[in-house]
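Undergrad: Below are the chains, spelled out letter by letter.
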Amino acid sequence: MKTINAILMIDPASPTGHYYLEYLHASGYRLKTILVFKKGMAHDIKSFRKKIKRLLSKKHRITDKKLNKIKKGINDQFTINIKKTYNYRDYCDELVYIDALAEGPNSQEIIEFIERSDTKYVIFSGGGILRKKILSINHKQFIHVHPGIVPDIRGADCFFWSVLEKGKPGYSCFYMTPEIDEGAILLRKEYDLPNLELLKIMPQELSYKAILDSLDLHYRAECLTSLMKQYIGSSGNLENLTSIQQNPNDGRTYFFMHTKLIYSKTA
Amino acid sequence: MNSEIILEEISDYLCSLKEGLSSHSTLKATDYFDLESFLLGFNVKNCTHVEYKVIDRLCKKIDVANKLKRNYQADLSLPYDEEVLNVSFIELYVLNLIHLTITRNDFKFLNTLLKVQANVLPGFSLNNVIDDFIEEAVLALMGKKSQP
Numbered sequence: 001m002k003t004i005n006a007i008l009m010i011d012p013a014s015p016t017g018h019y020y021l022e023y024l025h026a027s028g029y030r031l032k033t034i035l036v037f038k039k040g041m042a043h044d045i046k047s048f049r050k051k052i053k054r055l056l057s058k059k060h061r062i063t064d065k066k067l068n069k070i071k072k073g074i075n076d077q078f079t080i081n082i083k084k085t086y087n088y089r090d091y092c093d094e095l096v097y098i099d100a101l102a103e104g105p106n107s108q109e110i111i112e113f114i115e116r117s118d119t120k121y122v123i124f125s126g127g128g129i130l131r132k133k134i135l136s137i138n139h140k141q142f143i144h145v146h147p148g149i150v151p152d153i154r155g156a157d158c159f160f161w162s163v164l165e166k167g168k169p170g171y172s173c174f175y176m177t178p179e180i181d182e183g184a185i186l187l188r189k190e191y192d193l194p195n196l197e198l199l200k201i202m203p204q205e206l207s208y209k210a211i212l213d214s215l216d217l218h219y220r221a222e223c224l225t226s227l228m229k230q231y232i233g234s235s236g237n238l239e240n241l242t243s244i245q246q247n248p249n250d251g252r253t254y255f256f257m258h259t260k261l262i263y264s265k266t267a
Numbered sequence: 001m002n003s004e005i006i007l008e009e010i011s012d013y014l015c016s017l018k019e020g021l022s023s024h025s026t027l028k029a030t031d032y033f034d035l036e037s038f039l040l041g042f043n044v045k046n047c048t049h050v051e052y053k054v055i056d057r058l059c060k061k062i063d064v065a066n067k068l069k070r071n072y073q074a075d076l077s078l079p080y081d082e083e084v085l086n087v088s089f090i091e092l093y094v095l096n097l098i099h100l101t102i103t104r105n106d107f108k109f110l111n112t113l114l115k116v117q118a119n120v121l122p123g124f125s126l127n128n129v130i131d132d133f134i135e136e137a138v139l140a141l142m143g144k145k146s147q148p
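If you read the sequences in order, they're chains A and B.
If you count the first sequence from 1, position 142 lands on 142 in my numbering, and the numbers rise without skipping.
If you count the second sequence from 1, position 126 lands on 126 in my numbering, and the numbers rise without skipping.
Keep in mind that a hint or two might mislead.
In silico DSS-like links for lysine-lysine, alpha-carbon gap of 27 Å or less [unchecked claim]:
#: 1; chain 1: A; residue 1: K83; chain 2: A; residue 2: K189
#: 2; chain 1: A; residue 1: K209; chain 2: B; residue 2: K60
#: 3; chain 1: B; residue 1: K115; chain 2: A; residue 2: K260
#: 4; chain 1: B; residue 1: K53; chain 2: A; residue 2: K168
#: 5; chain 1: A; residue 1: K260; chain 2: B; residue 2: K18
#: 6; chain 1: A; residue 1: K166; chain 2: B; residue 2: K53
#: 7; chain 1: B; residue 1: K115; chain 2: A; residue 2: K166
#: 8; chain 1: A; residue 1: K132; chain 2: B; residue 2: K115
Just so you know, these hints were derived from the structure itself, not from any lab.
These numbers come from a predicted model, not from an experiment.
Using the sequences and the hints given, assemble the complete structure.
TA: Structure (C-alpha cells):
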C-alpha cells in the first residue's frame with residue numbers, strides 16, 4: 001500500500017468519501033490523513049429522527065427496498081464493492097475527528113487543523129460548500145471531482161446535463177476556488193454509461209436518486225483514482241501536478257434539471 | 001406544427017408585444033444593466049454572441065433566484081435595485097427564450113422555460129398563447145408534449 005500525502009475530508013453522512021476510499025484502496029493507496037467532520041449533536045438528532053420515521057413508515061420501507069435494489073443493480077456493474085460501514089483507520093495513517101457543528105466543513109477548528117498540517121493537498125468529498133476563508137489557506141490546494149467536463153458543464157445536476165448534452169457522463173478534477181467550478185483543471189475524463197435495464201422499469205424518482213447515490217459516485221471515485229495513478233510519485237507525494245486554468249467566460253453553468261427533462265431525456 | 005411556422009408566430013407575437021411597450025427608466029447611472037431597454041432593443045433573429053450570453057445569464061435569475069428584476073449591476077451578478085420586471089417584459093423575455101430554444105435546440109433554455117411553466121416566478125403566470133409556444137418547444141426538443 002502506498003500512502004498518498006493528502007488529507008481526505010469526509011462527512012460521514014455523505015457516501016462519496018467511502019467510494020473514494022474503496023477505489024483508492026483497490027488501487028493500492030491509503031491516505032496520510034482522513035479528517036471526519038461531524039455536524040454536531042443537533043444534526044445527529046435530526047438525522048436519527050428522520051431514520052426512525054422512515055423505519056416506521058411502511059411506504060418508506062417499500063421505497064427504500066426498491067431504491068436498494070436499483071443501487072445493487074448499479075453496483076453489480078462495477079468490480080469494486082462499496083461496503084455499508086467503514087472503519088476509517090484501515091484506510092489511513094492518521095484519523096482525525098472534528099465536531100464541526102453548524103459551520104460544517106468551514107469550521108474554525110478544521111481551518112486550524114489544515115493550516116497546521118504539513119500536507120499540501122486536501123481532497124474534498126462533499127458535505128457542504130467550502131467558503132473563501134478555508135479555500136484561501138496559504139500553500140494548500142483543495143481538490144474536487146465534479147460530474148461534468150468543465151468549462152462546458154458547470155453547476156448543478158451535471159451528471160444529467162452531461163448525459164443530455166454529450167451523450168455520456170464526464171468528470172473533472174480541479175482545484176477548488178470560491179467561484180463555483182472555475183478552478184484550474186487537473187484531469188477530465190468521460191465514461192460510457194452501463195446498460196441499466198433496471199432503471200427503465202423502476203419509478204423514475206427512485207432511479208434519479210439511485211444514480212446520484214451510486215452510479216455518479218463510482219465515476220467520481222474512478223476519476224479521482226485516475227488522477228492519483230497519474231501523479232503519485234514513489235514517495236506518495238503528488239508530483240509534477242499540471243493544471244489548466246479555466247476562463248470563467250468559457251462554457252456554461254447549468255441549474256437543477258426539471259423533472260420532465262430528467263425523466264424524458266436521460267432515462 | 002412545423003418549427004418554422006411556430007418561429008414565425010413567435011416573431012409576430014414578439015412584434016405585437018413590443019409595439020405596446022417602452023422603457024420607463026429614470027435612472028441616470030451608467031454602471032447598471034437595464035433589462036427593459038435590452039429586451040426592447042433585442043432582435044432574436046440577429047442574436048449576437050454577447051446578447052446570447054446575456055440571455056443565458058438571465059436564466060439563473062429564473063432558475064435560482066426565481067425573480068426577474070428591472071435593473072441589474074453591469075455584470076448581471078446582482079440586482080441594481082429592488083424593482084421587479086414588468087409582466088409584459090417577462091413575457092418578452094420568455095418569448096425570446098422559446099425562439100432561441102427552438103432555433104438552437106437549447107436544453108438549458110428549455111429547462112428554464114419548464115420552470116416558468118411551473119410558476120416559479122411569483123406574481124407571473126403564463127397566458128395560454130405563450131404556454132402553447134412552450135409546449136411546441138418541448139415537442140421540438142423532446143419529441144413529445146410534456147405531461148402535467
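Undergrad: Give me the numbers of the hints this structure contradicts, sorted from smallest to largest.
TA: 5 and 8
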